[in-house]
Amino acid sequence: MPEPSRITVRDTPVDLLRDGSGPPLLFLHGAGGGGRWLTFQERLAGRFDVLAPSHPGHGGSPAAEWIEHISDLAFHYLDLLDTLGLDRVHLAGASFGGWIAAEMATMASHRFDSLVLIDPVGIKVEGWIYPFLFGMELPQLVATVFHNPMAALALAPPDMSIDTLALLYRQNTALARVGWNPYLYNPLLRRRLARIATPTLLAWGAHDRLAPLVCAEAWRKEIPGATLRVFEDSGHVPHLEEPEAVAAAVGEFCLARKGTP
Amino acid sequence: MKFYYFHLMPYVMDHDEPSSWVTLSNRHYDPAVGHTLYHQYLDQLEFAEALGWDGICVNEHHQNCYGTMPSPNVMAAMLVRRTTRAKIAILGNGLPLRENPLRIAEEIAMLDVVSGGRIVSGFVRGIGAEYYSTAVNPTHSRERFYEAADLILRAWTEPGPFAFDGKFYRYPFVNPWPRPLQQPHPPVWCPSQGSSETVEWAAKRRFPYLMVFTPLKRIAQIYGEYREACERNGYTASPYQLTVNLPICVAENDRKAEAIAREHALWVYHVGLRMLPPYWQPPGYTTEASLKRLLATRGKMPTELTYEDLEEGGYIICGSPATVRDKLRVFSDELKAGIVCSGMNGGSHEATLDMMRMFSEEVMPHFRQDAAIDETASVGR
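Chains as they are written, first to last, in the numbering used here: chain A, 1 to 261; chain B, 1001 to 1381.
Okay, chain A solo, but in the shape it has when bound (with noise of 0.2 Å):
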C-alpha cells in the first residue's frame, strides 16, 4: 500500500492514495472504503496511475463543513484534478463514489477519457427503493451490500477503540449529510445522464440487493452507450468480491478508449 500524502483542494485537506504507471486513473471509492489500497487498486496500478482520494469525512481526510450537496463533492473532485494539474483522467467510482463520478461527467465529460460506474446510486428508478442502510446493524449491512460476506472482511475495522467508533461516525455522518434525504439520489440527476458524452462501462454484481440490476438498466438507458457488464459472483460491490475480474474488465475497457487529443 502507497503512503498516503496529505494535499489541500482549495483549503479542503484531503488524504490521497497514489500508485502505478499509466494513464492516470481517478479512483473514488464508496462507503467505508476511504483510505484503503486493496487488490482492486493494485492490480490497476500494474496499467494505471491510479489515484485513490478518501472523501472528506472519510479514512484520513478530515470532514468538510462546506459539503451540503452531492454536486459539492463532485465539485470537490474537479477541483482536485485542476489542483494536480490533471487535464483529462480516466475516472471509476463504486457505489457512492459512482453517484459522484456520474455527476462530475454530467458537468465535464471532455475531462475525461473514460467512465466506470461500479454499483453506483444516485438516481430514482422506478419501482425500487433502496434499502435504509442507516438503520442497519452489521449483520443484515453485510447481508445486503456483499453477496459473498467474506469479502466484508476487507473493509473491517482495525479495532473497536473510541477513535475507530468516533471514525466509523464521522463516515457515516459524512455520507448521510449528502445522502439521508432523498436517500442515496439527487432527484436532478437522472436526466442529466444523457449530457454524458464519456464512453462508459456499468460495472454490475449479478446479486446486488442494495441497487439491484433494475437500476443498472435503468443507467444503461440513461447513459449514451454504456456498456454493462455484470459480475455473477458479485453484490454490490464487485470490485472487493471479484477485484481480479473487474480490474481487468476496468482496465481492457479504459485502455481501449485512449485519450484522443
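Do not take every clue at face value.
Quick list of the computed label-pair ranges, beta carbon to beta carbon [to be verified]: (1) A/MET150 to B/ARG1027: 46 to 54 Å; (2) A/ASP159 to B/ASP1014: 31 to 39 Å; (3) A/GLY127 to B/PRO1031: 27 to 35 Å; (4) B/ALA1032 to A/ARG209: 50 to 58 Å; (5) B/ALA1135 to A/TRP37: 32 to 40 Å; (6) A/TRP128 to B/ARG1154: 37 to 45 Å; (7) A/GLY127 to B/ARG1027: 22 to 30 Å; (8) A/GLY85 to B/ALA1135: 54 to 62 Å; (9) B/GLN1221 to A/ARG191: 51 to 59 Å; (10) A/ARG209 to B/ARG1027: 22 to 30 Å.
For the record, the hints were derived by calculation from the structure and aren't laboratory data.
Glycine included, C-beta positions come from ideal geometry on N, C-alpha and C.
Assemble the complex: chain A is given as a structure, and chain B must be docked to it using the hints.
What follows is chain B alone, placed relative to chain A:
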C-alpha cells in the same frame, strides 16, 4: 419545590421485536384500546391539577409504543379547556423535525392565549429515532434546532411582519396571529440529556434545563455544568431553572412500592426504550466530541438496567411516602432543583389515581415552602 405531572402516554404491551421504535409494526396498535388509554391518561393529567400539582406535561415522540403523542400540541389543546390553574408544559416540540417551525410559534401562541398564559414551551431536538421516523437529516439537527428556536422566539417577540432568511427556514413574511399572552413570550424549557452544547445554549438564555431519565450522579454533574455556564453568563441560576424528570412510585410501604415498580415502572426501560443501536445515535446527530465522551463513559443500555440499577442509581424514586420524601430531599436540598416532573404507574388507571392521591397528600405538602412563588415568573425568557 414545584411538582409537575408528566405523561408519556405509552401503549403498554409486550413484544419480542428488537425495537419498540421506528420498525415496531403499528399493526400492534389497537385503536379501541388506544381510545380507552388516551381518556385514562388525560383523566390522570386533569386529576393532577385537582390534587394540587403545579403543572402537567405532555411531550412528542414518533412511531413507537413508548409514547403515543406525535403531536403534543394536540394533547395540550385538550387539556387547556379542561383545566384552569395548572401550567401546561409541552416538553417539548421537536423543532428540527418540523418543515415549517413557524407553525410551532402559532400553535403555542394559540394555546397560551386560550389558557390565559399557562403554557410552558419546551424546545427539543427529538431523540435519534425521530430522525428515522421523520426522515429529517440528522446531520442538520443541531443547526435546524438553533435556527427554528431563533425564528420562533423572534416571531413571538418582534412586531411583524418581518422577513426571515435562514439556512433551512425562509419566510418573506413572519407575522403570526395570535401573539402569545405571556410577555415577552411563554417560558422556554430545554429538556435534554446533558450535551454540553445544549447546556451552554440554555444557560445563556436563562432557559430551565430539564434532565430526562438520567442517573442521579449525572444529573448532579450536568447541574454543576449548567450552574457554571450561568455564572459565566453573568447570573446565578434560580432553582426553577434546574428541573428533573423521573418516575415516582409510592405505596403504603417500601416493599409494596418496590413490587409495583418492578412490575410496571421497569416497562419503560425494558420495553419502551428498547431500540436498535443505530436509532440512538443517527449520523451527525451528536458532535464527535460528545460522542467520544459518551463512548468513554458508556453505561448500560436502558434494556440492561435492573431494578437495583434504577433504584440505586436514582433513575427512579420508589418507596413509602416517608422514603419518597427522603429521596426527594436529595433533589430539593442537595441538588437544589426547583421542579420535579414525574409520571406514575400503579399498574391500572385506578391504582395510578390512588398513587397520585397518596403522593399529593403525604409527600407534596412537605415541600411547599415556596407555594406562593410563580416558578415561571423570571426564568425561561
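Here's how the hints hold up against the structure:
no.: 1; hint: A/MET150 to B/ARG1027: 46 to 54 Å; verdict: 37 Å, violated
no.: 2; hint: A/ASP159 to B/ASP1014: 31 to 39 Å; verdict: 38 Å, holds
no.: 3; hint: A/GLY127 to B/PRO1031: 27 to 35 Å; verdict: 32 Å, holds
no.: 4; hint: B/ALA1032 to A/ARG209: 50 to 58 Å; verdict: 39 Å, violated
no.: 5; hint: B/ALA1135 to A/TRP37: 32 to 40 Å; verdict: 36 Å, holds
no.: 6; hint: A/TRP128 to B/ARG1154: 37 to 45 Å; verdict: 43 Å, holds
no.: 7; hint: A/GLY127 to B/ARG1027: 22 to 30 Å; verdict: 25 Å, holds
no.: 8; hint: A/GLY85 to B/ALA1135: 54 to 62 Å; verdict: 42 Å, violated
no.: 9; hint: B/GLN1221 to A/ARG191: 51 to 59 Å; verdict: 54 Å, holds
no.: 10; hint: A/ARG209 to B/ARG1027: 22 to 30 Å; verdict: 25 Å, holds
Going through the hint list in order, the structure does not satisfy hints 1, 4 and 8.
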